[in-house]
Amino acid sequence: MHKKMAFSFPDEVLEHVFSFIQSDKDRNAVSMVCKSWYEIERWCRRKVFVGNCYAVSPRMVIRRFPEFRSIELKGKPHFADFNLVPDGWGGYVFPWIAEMAGAYPWLEEIRLKRMVVTDESLELIAKSFKNFKVLVLSSCEGFSTDGLAAIAASCKNLKELDLRDCEVDDLSAHWLSHFPETYTSLVSLNISCLGSDEASFSALERLVRRCTNLKTLRLNRAVPLDKIANILRHAPQLVEFGTGTYTADVRPDVYSDLAGVLSSCKELKSLSGFWDVIPDYLPAIYPVCSKLTSLNLSYATIQSPDLIKLVSHCPNLQRLLVLDYIEDSGLEVLASSCKDLQELRVFPSDPFGAEPNVSLTEQGLVAVSLGCPKLQSVLYFCRRMSNEALVTIARSRPNFTRFRLCIIEPKTADYLTLEPLDVGFGAIVQYCKDLRRLSLSGLLTDRVFEYIGTYAKKLEMLSVAFAGDSDLGLHHVLSGCESLRKLEIRDCPFGDKALLANAAKLETMRSLWISSCAVSFAACKLLGQKMPRLNVEVIDERGPPDSRPENCPVDKLYIYRSIAGPRFDMPPFVWTMDEDSGLRLS
Amino acid sequence: MENDLNLKATELRLGLPGSDEPERQMIPRPNKRTLSDIVSEGSRSTTEEDHQDTAPPAKVQIVGWPPVRSYRKNCLQGKKHEVEGGTGMYVKVSVDGAPYLRKIDLKVYRSYPQLLLALENMFKLTIGAYSEREGYNGSDYAPTYEDRDGDWMLVGDVPWEMFISSCKRLRIMKGSEARGLGCV
Chain A
1 MHKKMAFSFP DEVLEHVFSF IQSDKDRNAV SMVCKSWYEI ERWCRRKVFV GNCYAVSPRM
61 VIRRFPEFRS IELKGKPHFA DFNLVPDGWG GYVFPWIAEM AGAYPWLEEI RLKRMVVTDE
121 SLELIAKSFK NFKVLVLSSC EGFSTDGLAA IAASCKNLKE LDLRDCEVDD LSAHWLSHFP
181 ETYTSLVSLN ISCLGSDEAS FSALERLVRR CTNLKTLRLN RAVPLDKIAN ILRHAPQLVE
241 FGTGTYTADV RPDVYSDLAG VLSSCKELKS LSGFWDVIPD YLPAIYPVCS KLTSLNLSYA
301 TIQSPDLIKL VSHCPNLQRL LVLDYIEDSG LEVLASSCKD LQELRVFPSD PFGAEPNVSL
361 TEQGLVAVSL GCPKLQSVLY FCRRMSNEAL VTIARSRPNF TRFRLCIIEP KTADYLTLEP
421 LDVGFGAIVQ YCKDLRRLSL SGLLTDRVFE YIGTYAKKLE MLSVAFAGDS DLGLHHVLSG
481 CESLRKLEIR DCPFGDKALL ANAAKLETMR SLWISSCAVS FAACKLLGQK MPRLNVEVID
541 ERGPPDSRPE NCPVDKLYIY RSIAGPRFDM PPFVWTMDED SGLRLS
Chain B
1001 MENDLNLKAT ELRLGLPGSD EPERQMIPRP NKRTLSDIVS EGSRSTTEED HQDTAPPAKV
1061 QIVGWPPVRS YRKNCLQGKK HEVEGGTGMY VKVSVDGAPY LRKIDLKVYR SYPQLLLALE
1121 NMFKLTIGAY SEREGYNGSD YAPTYEDRDG DWMLVGDVPW EMFISSCKRL RIMKGSEARG
1181 LGCV
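Taken in sequence, the protein lines are chains A and B.
Numbering-wise (our numbering), the first sequence opens with residue 1 and increments by one.
Numbering-wise (our numbering), the second sequence opens with residue 1001 and increments by one.
Treat the hints loosely; a few may be bogus.
In silico lysine to any residue, SDA-like type, Cα no more than 20 Å apart, as pairs [what the hints assert, rightly or not]:
1) A:LYS266 to A:SER290
2) A:LYS113 to B:SER1070
3) B:LYS1092 to A:ASP81
4) B:LYS1103 to A:SER290
5) A:LYS269 to A:PRO315
Not everything, but these chain B residues come out facing chain A in the computed CB check (under 10 Å) [as the list claims (entries may be wrong)]:
6) ARG1072
7) VAL1093
8) PHE1123
No wet-lab data here; the hints were simulated from the structure.
Positions of the beta carbon are idealized from the N, C-alpha and C atoms, including for glycine.
So that you can see chain B by itself, here it is in the shape it has in the complex (with noise of 0.2 Å):
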């Protein structure tokens, strides 16, 4: 199942405490975790495998709690050191057409096509298969990414750890646009 990711192993049931609603579905979502299993003092609380440590178990990470803002975060871990549990790869994306810039957190991506289904459902549009000669050609759209160098370059021309590491936003443009990238 392609969106079998981590959080798989690490799902989170949600519930008020002492409120009998239903159980949510929990989906992995892109640029998030919520926890409102409030952890308490003294009880455990599940990890990623990643930052696993052997005393005293991590923390989850209560979205927005503590409320410090992302700046203040960012400043006290130093650029290379990670905040515990993760601060995430996001980049911005942006649709041709779409008023409203979103936010993904690259890291939670396995792989391109995970990426391209997960960018399908956040926009609602199909951006369909990728091919080495052809890029996108035939689909409604295609995703671009700017790298470090500041080139704009089709999704999928890299592979995907080289992508991960280089890239600073990405452009979902219309697919008629797109045909000068990635071409031989």
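Isolated chain A (complex conformation) (with noise of 0.2 Å):
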């Protein structure tokens, strides 16, 4: 019996239809359920995201799908974050920004992480696109002031501009007066990272009072304290804002205009800045705090009363950032003050010193995991820990979605007990059913990778330095979470066996970088040899790996799938592993 399948929509409706799918996994899934579903899907898809830019060809995307208005892409592996990538290892925009600027002049945002833009991307973005809206650069380098002044002069829709965390070359603060007196479309402004010690201060003011939509202003530390009043005269419409350098002489007309001006914004629910901070300034911003739902005094070096004084006035906060300055107290104030905490990062004040300068310990987290019902999300710089605690954090809070634990000497048993923290994380991945992402540190042993491949299910991220003993390790975790798709590891004894026997796994994770472990050229050869739809890199700054001995292990190995083959803008300490020869130098 011939059974017909009957797809009568026509393709206007399913079109519509499929425009509710926002989610990139949503529409990747339905692009899948046949060929016409893939044709309509694929001409109507209007956001496109590439997680790793080398994983695809830009002419590919292009040919797939032809009426993109929105590419996010990422770029470098994320431990270049903490300089583990060697400058010059790749991530370049341009080839990319070349393709789409011939084949779409109606594109309208990017959005790019970790990847390196010159100014002559940011040039061509200016050109070629002439309803430009949205340029977020997320972790990026490469550029300068020049390239920023290229956009602000062209981009007469421009809404957004957002540089988070980039490394600018600051040649100039005056590019901000390329933005025409006409522009006004500014929604979202975002130069917390520029550094320029001088910044237009008349060009910011006009342009702030000009934009009458606009919605995020942040800051860069240039802008001094009583400056921002002016600033903010204008904008009292702002939800978002970031102060630059929030340190001046104490002088009550400045206290009081600042004040003044800060309570005036009605709609402000974030704020962030607040470099070189004094206590003395801090009450100004009390006025808005009962409405606050995110705050970022990462940068804020002031101590535990003040920030427990601040935090107490913000009954509202749901995501919190902060030095560890805060506290074990303080966090125990903010467990009590803030039941609609999802979010905390803890940083470290002083993660270079021997000893702990402040007494944040493993208290404080036990006390907000405790006291906050909707905290899912951690970041957690401490020196000590124990499994007694992460077992009462992970029976608590079974709605962790990130967790993050940053113990910061390596290899530091439980205090308590000086046994391996195991059976701690064992219960965070345990109990944690929903946990997405977790980064491992402290004294762990095989069996902590154990307990990861048995129970973390819906694990997508992991993040493993200094732990493990054997490969067996490194097999758990690889042969037991489902849902892995990013993976790196540094300084562990894991090696090739365990590599080896997971190779097919690695073709269903977007990357697994292996840094300072033990896997040999030899494997790496093999691997790149075996799977031809993995790029196989060796990163190694001494020289050819074929230089030393096949089982000498490599330093760096970054793996990732990729249906565009072996990358062609390697430096010269990078080495493709592929099918042919095993060997290929850039």
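If you follow the hints, you should be able to join the two separate chains into one complex; please do so.
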């Protein structure tokens, strides 16, 4: 009997239905239903997300999605944030811009993370896309304020310019004056990473004054405190604001000016900046605290009592970034005042000090986990931990989706029992069934990986350092974690066996980073030969890996799936293992 | 030996705990020190001479650990104060014709010959000899740098100490292009 599949909806109807489907995952699923759905979906996909810019070529993307308006690209591996990826590794956006410039005059949005963006790329964007609206550069580098000037001058419909944690060559603050006087469409401006010593305040003021739709404004450190009032006065509609340096001679007129202008910002929900804070000026923000949902004090070097006072004024806080000056006592206050807290990040004020400089321990994290029922995302730096604390945390907060713990000294044992922290982290993965991201630290054996492989079924990203005893550890993770997409490992005794035994798994993941471990060059070659759809890249600044014995461990290894084949832009210290010879110099 | 920098005195052997891999040669790398002899609690560690304390011993920094981003580290120390162990003096190096930039730590070098040798090794090119009158005439490449005033100078024109304190970035130009610089 021949069954006829009746998909009798006209294409337009399907297209309309698909337009309600925004998530990439769902869109990808839709495109796999059948050939006609694939076709319809690809013509109406407006937002494209490429998690690894080397997984696919620009031409392939453009061929499949002829009419997208927005693209998001990610480049370097995450460990690049901590200087583990040498400069010049790659992640250049220019080839993408060049291809899109030809194909897509109507591109509106570009979002990039960890990519190298040159002034040339920015100038090409400015020139090529007439309706360009959104530029978000997150942890990018390679450009200067000249490139920004080009964007400012040409993009008449620009709504969003967000430079998050970028390394920008600050040649001149006058790039801001390149926004024409007729330009008024700015909605979001984040220049917090710019470092210029002089800032063009009048240009900034004029820009803010004429852009009446401005909702987000994040200034850089160079903007002095006494200038903020003048800027804010023209933007009472701001929802998100980042100060510059938050210090000045204590003057009552400056204070009252600032307090007055802040209290007229009735929509303010998010505050950040606060470099060089002096406590005297903090009360100026008290009037807006009750509405705040997000507060970034991670640059504020103020002590616990001032932090406590501040935090107690913010009952609606959902997101807090703070230095460990807050101490356990401050976190206890946070736990009792901020019942809506969802995300907490506590950064170390003295990461390289041998001795603790503040009284921040596992107790603070326990307090927040017990007290904040909605807490789901944590990044916590501390110097001691216990299995008991981790188990308490896991049991009281099974709704964690992101749990990143950094015990500052590598291989630190449970301070109470001197045992490894396997059981503690095991509890985290066992109780937190929706855990998507996990970073481990402390003294850990292969056992913790057994727990992770057994329980962490929704885990998508795992970061491991100075942990494990043998290949078995890595094997547990690769064979057990069904949802794993990104795995990054450094300084662990993981070698060839687990990697080769789980080669097929690597094709189901976005990428694997493994450095200062025990993976031999021979294994890398073998992997490259066996797995044509993986790019196996050896990074080694000591020289060609074949100048050493084959069983020598490689320095760094980055493996990622790709349909674009080996890349062509590798620097001299990166070698790709491919099917042919097992060794190709760039 | 030109490569006999300070690092020789504090040379560290690389080896993972419990593994029997052959020892790796520790070559003085301009832009980082690596340590995989993990310092466990209570054991001594070696440090650079300049930062020697009497008690307790200063920690040896492991590259990229703890995982704190550089802009956060810079903020905390303020602009003048150095992180224990030294953050170094990193400047970008570009080479005409090469699509990528490198960063090097100028503090690692003690003299022009050392720096030039390192650049030659890093980029696999020859720079040749510097002369006051002719600059790098005759070389394939000439190293130049941008100083605090934004001027482009030939590397070698000023005394080393002055160079170190004023160099913002390096550019290795094709020899022919550099002829205009550094002329008497």
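Going through the hints against the structure:
About 11 Å separates the Cα atoms of A:LYS266 and A:SER290, which keeps this hinted pair within 20 Å; it holds. Our distance criterion of 20 Å between C-alpha atoms is met by A:LYS113 and B:SER1070, whose separation comes to about 17 Å. Taken as a hint, the B:LYS1092 and A:ASP81 pair is honoured in the structure, with Cα atoms around 17 Å apart against an allowance of 20 Å. Between B:LYS1103 and A:SER290 the alpha-carbon distance is near 45 Å, which puts this suggested pair outside the 20 Å criterion.
In summary, the hint linking A:LYS269 to A:PRO315 is supported, as the alpha carbons are separated by about 12 Å, within the 20 Å threshold. A hinted interface residue such as B:ARG1072 counts as satisfied when its beta carbon comes closer than 10 Å to some beta carbon of chain A; here the least separation is about 6 Å, so the hint holds. Using the Cβ-Cβ criterion of 10 Å, the hint placing B:VAL1093 at the interface with chain A is satisfied: the shortest such distance is roughly 9 Å. Contact between B:PHE1123 and chain A, as hinted, is supported at the beta carbon level, the nearest pair being about 8 Å apart and thus within 10 Å.
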